[in-house]
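> Construct all of the structure, not just a fragment, from the sequences and the given hints.
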Amino acid sequence: MTTVKAPAWKWEWNLNTIVILIGFAGGIAAWGATWARLTDGQSANRAAIDRIDKRVTSLEALPRLIDNHEFRIGNVEKQATDSATAMRAVESTLNSLATDMRVTREILQRIEASQSGRGR
462 MTTVKAPAWK WEWNLNTIVI LIGFAGGIAA WGATWARLTD GQSANRAAID
512 RIDKRVTSLE ALPRLIDNHE FRIGNVEKQA TDSATAMRAV ESTLNSLATD
562 MRVTREILQR IEASQSGRGR
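Residue numbers for the sequence shown follow our numbering, so the first one is 462 and each next one is one higher.
Treat the hints as calculated values from the structure; they're not laboratory data.
Just so you know, these numbers come straight off a predicted model, no measurement behind them.
A hint or two may mislead.
Unchecked claim - Computed spacing ranges between beta-carbons, pair by pair:
hint, residue 1, residue 2, range
1, Ala522, Thr542, 42 to 52 Å
2, Arg549, Leu523, 30 to 40 Å
3, Phe532, Thr495, 54 to 64 Å
4, Ala497, Leu523, 35 to 45 Å
Glycine included, every Cβ here is placed at the ideal spot set by N, Cα and C.
See the structure below:
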């Protein structure tokens with residue numbers, strides 16, 4: 462019987478092995494870069510959401526101020542209308558009093574005229 466010698470193992474770089482190893486290393490690097498971009502994007506989005514939340518909060522307060530101003534302006538307009546009505550009433554009363562004073566003066570002049578005519 463003949464003995465068959467086992468082949469000697471040689472360390473050789475096969476082109477397929479090199480391509481697969483480079484592809485595997487490139488895949489891991491690409492995954493790492495994608496993960497870094499993803500976390501950076503999430504951080505940026507979180508900061509943008511916080512900014513938007515603060516802006517929305519400040520903008521929500523603005524209509525309350527506007528409603529308050531509208532309420533105050535409405536009250537001022539009502540007071541102005543009420544004041545104008547009161548001034549018309551005062552004006553009417555003064556005109557009535559002026560007429561009454563004229564009539565009273567005429568009556569007094571007639572009384573004085575009749576007394577001075579009798580006294581002569």
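> Are Arg549 and Leu523 spaced within 30 to 40 Å by their CB atoms?
holds, 39 Å
> Regarding Ala497 and Leu523, is the given constraint of 35 to 45 Å on their beta-carbon distance met?
Given a distance of about 39 Å, which is inside 35 to 45 Å, the answer is holds.
> Holds or violated: 42 to 52 Å for the Cβ distance of Ala522 and Thr542?
violated, 31 Å
> Falls inside 54 to 64 Å, the C-beta gap from Phe532 to Thr495?
holds, 55 Å
When held up to the earlier numbered hints, the structure conflicts with hint 1 and nothing else.
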